[in-house]
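Below, each chain spelled out in residue letters.
Number of protein chains: 2
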Amino acid sequence: MTAVQHDEQAAQSETAQPGSGSQPVGDTDTQAPPAVDFDTNPGSYRHWALSVDGDVATLTMKVDEDGGLVPGYELKMNSYDLGVDIELYDAVQRLRFEHPEVKSVVMTGGLDRMFCAGANIRMLAQSSHAWKVNFCKFTNETRNGIEDATEFSGQTWIAALNGTAAGGGYELALACDDIVLIDDGSSTVSLPEVPLLGVLPGTGGLTRVVDKRFVRKDRADLFATKSEGYRGDTAVQWGLIDATFPKREWDEQIAARAADAASRSTRSGGQGVALTPLDRTIDGDTIRYPYVSASVDRAARRVDITVEGPADSPPADAAGVLEQGVDYWPLALTRALDDLVLRLRTNEQDLGSWVFRTSGDAERVLEYDAQLRELSQDWFVNEVGLFYKRLLKRLDVTSRSLIAVIEPGSCYAGLLLEIALAADRQYMLDGVYEDVDADATPATIVLTACNDGLLPMGNGLTRLASRFYGHDDALEAARAAFDRPLDARAADEIGMVTSALDDIDFEDEVRIALEERASLSPDALTGMEANHRFVGPETVETKVFGRLTAWQNWIFNRPNAVGEQGALKVYGTGAKAKFNWERV
Amino acid sequence: MTAVQHDEQAAQSETAQPGSGSQPVGDTDTQAPPAVDFDTNPGSYRHWALSVDGDVATLTMKVDEDGGLVPGYELKMNSYDLGVDIELYDAVQRLRFEHPEVKSVVMTGGLDRMFCAGANIRMLAQSSHAWKVNFCKFTNETRNGIEDATEFSGQTWIAALNGTAAGGGYELALACDDIVLIDDGSSTVSLPEVPLLGVLPGTGGLTRVVDKRFVRKDRADLFATKSEGYRGDTAVQWGLIDATFPKREWDEQIAARAADAASRSTRSGGQGVALTPLDRTIDGDTIRYPYVSASVDRAARRVDITVEGPADSPPADAAGVLEQGVDYWPLALTRALDDLVLRLRTNEQDLGSWVFRTSGDAERVLEYDAQLRELSQDWFVNEVGLFYKRLLKRLDVTSRSLIAVIEPGSCYAGLLLEIALAADRQYMLDGVYEDVDADATPATIVLTACNDGLLPMGNGLTRLASRFYGHDDALEAARAAFDRPLDARAADEIGMVTSALDDIDFEDEVRIALEERASLSPDALTGMEANHRFVGPETVETKVFGRLTAWQNWIFNRPNAVGEQGALKVYGTGAKAKFNWERV
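Going down the list, the protein sequences come from chains A and B. Counting in our numbering, the first sequence runs from 2 upward without gaps. Counting in our numbering, the second sequence runs from 2 upward without gaps.
These are calculated hints, taken from the structure and not from any lab test. Certain hints may be false.
All copies of an identical chain are treated as equivalent in the list; a pair is satisfied when it fits inside any one copy or across any two copies.
Unchecked claim - The calculated SDA-like cross-link candidates involving lysine to any residue, where the alpha carbons are at most 25 angstroms apart (straight line), are:
no. : residue 1 : residue 2
1   : 227       : 516
2   : 227       : 313
3   : 63        : 77
4   : 579       : 130
5   : 248       : 572
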């Protein structure tokens, strides 16, 4: 089930009364669109071409107009939809894992005079509110991944704008470290969303212009209200781009910049790890991967997710790790959980609560936990850790209630404990389920240095530091408890769990908590969680997800944008938007 | 015109198509409610009682059930509406200006077992979206003012919760430095908005719980989903309150805490300055105060605001300043502009652009500018500067486009230049209007140390530092230009203005800019400006206005809250809210 709908049905949905449910509404012949799938590979790309030449890769966007993910729009002028971005995400991931030799990535366009026109307007206009919001979230995460590659993987992205970069096209460029625009007398960079569509640039544009590119506020204001954008010199002077060159110098200059970025990289080179197809089995309401499984309870609007610890000890050294490749336990579980998160977010919007459990041998988890730190200088182990970090960040911005349950048999240790720390609540059984297995070993959790540095949140703090924000003494106490099993009482004492009850009360407590959660307004929960999860400092990343996204979601819900005469709806029809002029 | 409406009409408004306009809709007998007025004084309070005993003031909330600002609801259980908060704002201001002897303020309730039930739900349910948003903004600003008094005026606020503090009642307490709850076996603190109303606490609650009181995220989650809240010990342990005492110890403990806070204050004592009624004249579409006037152009949906410089040089010393009292030019203009901002925001929502001009002698402005800094140790001069700082912060969070026009005859110097820095754009005429007065002196601006420290924004940076965020060299260049007149070319050169054109182009440029602005989606502009105005670091204050407010506005616009079966609408009717369960 997806939320993509055609005009009339979308309009119906936008004005639906609460309680009418979120029925999947199909396309014109009433077929519900299939669930969105995130599997792809360069051989089946329809919209991008990836080529590698020595230590420089070139990723060329040439969107197949007829290749929209759902019917109802044509992807003209390199405009994109979720399907285009799924391929981009795949390319970003493969460049990191399959190409340790690639030290700089040139992103350019395959059309003449138009690099990318941004998100497809017709697609946005016909999409439900939830679809638009989810689409923006995923595209934001992919762009953050590009910045992450530049910062932490020695793989610098260069935007070689061989034509106009409008809206989302310019936002794509903003994720790159270096933005070069062709000087052809007509190509510009622009953010025309406000003047043309009555919405905000939805992929971090406003924030990155002032907080990453440091463009002066009044110039940012001019820029974001000028639909045609700015060309070379002004764009360079204001900081919107880094350089502009005429066509005759283009290839040479781009090559020089790519070579220069590559020369500054410490990326190792060597043999990559092929991201082979995921081993995923869907059986009714159950999804299984190696090390991850999920079971849906539709009546309770809940999904129970179990992450399994490793079956064996880790390989002895980096070479052994590399040999395991995608089967290396931390990577296998990260890939699986990443796919699951994306599928649930996109295809299962009614499942409001995600309940996490772990199962396995904590000692073995800790061996991998130690290895991630010990071998962090190895390019592949580094990439695995960074991917896991990005997955956890996805959880932080997921608009679902995240609940961790800690029971006998669990292995919430170090890097797996991080899942519990990402959750909104942590419920830990004190003791065992007497009526199930009175001889079981009571659950413990283990904190490690992994929880204190390797996996920061978007706010720059670890989840542990965020948990104890403003309480340095509590943070120190938690640090003093590293590397040893903490039973429920000990975990509770140092503030690591929300609740630690014995089995007489535990099951009732968890059941009631989940029932109560499922009764609350989904919107209020989303807003509440988005405010609680990020304490303390803010960064470009948290501003994009916290401030910009919230305003965009508001605007996406307003008649001035999405009403029948709203700017987003009438764009391209020749009609003029009609606004309610009230400033709110 | 206000936006307060009764149920059916409000519902109509919520689903109005863009372009239907924002017609004022009256109460049941179709009378449009009068424009909201912010003038009041302790003698005419209906909802609060202010008493002063030595260096401790007591502010007691006892809301008149029949004293709602507009018809349609009863203010039971010390619930509040905008009218109640207007009185609170007045009290906060008078305590600062009229009572230099007051060093601590005890805020308590005049009812039994209920300190304050928060914002009136029926009022919220019947209000338009714009009204709710504006109401929340004003209440947030008043609470920030309480924190400002505690931090900068040596006037510590203590919340003496003699009964339950629910929702906005607890948020009021959160603005205080010290929260004490009575231990009577039943009184609690709570944020029941999410579970009961399907909205967020709208006055900073979520942010202050985690970012000011440092309550752990999972406990904040439990708290904000538990409608009945928490009592004494748990509330103290979690950091929700500072202390709890039984009734028999209550008076003594509160008095001791107030005395302790007062004893730590450096506030001077002495004679206060009476905040006499504002001298305001409304004549059609013109509003005039001493030093401030505004003229409305309804067709252009614009208001032109002129701030006048001082008529004379400032008094020679602090005693002379005190003698002038409310007539001291910086205070007179601040009071006037503050009133104007509030009236325009509340009563004139269709006026999307505010165009600022100044007029007068820059040299005289600079004399006051210097005095504010030189006499900043004087309690009254300090208060004037702080009030002006808060007024400027109001501009920063005002959902209107702010445009500064700098022409011959203007006096944008130091503290008045700050208004231009708060604006989204600064247009400066290079030279003179040849056809108006060819012999006029071209406009100049003057930067002073006032622009570099005295008047920080909510993000903790000055507007000058925000303007040049990420460009330390440009900030240094601006600092090097302090205290000397900069003509248009010089101002442009160091980046102080958006545009500096001669009169052949200037008038067209400004006219077209204003026309274009007036054609854009009001919602998109609001979101855009909210993102551009705050660069760099974030604070509780910017999080409340940037992150929390945006999510709240989104939720306030969703059927799950405000639809006919939404939680906010059906509250109190006995019906159960019906939700669309989709998580967005």
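field: Hint numbers contradicted by this structure
entry: 2, 5
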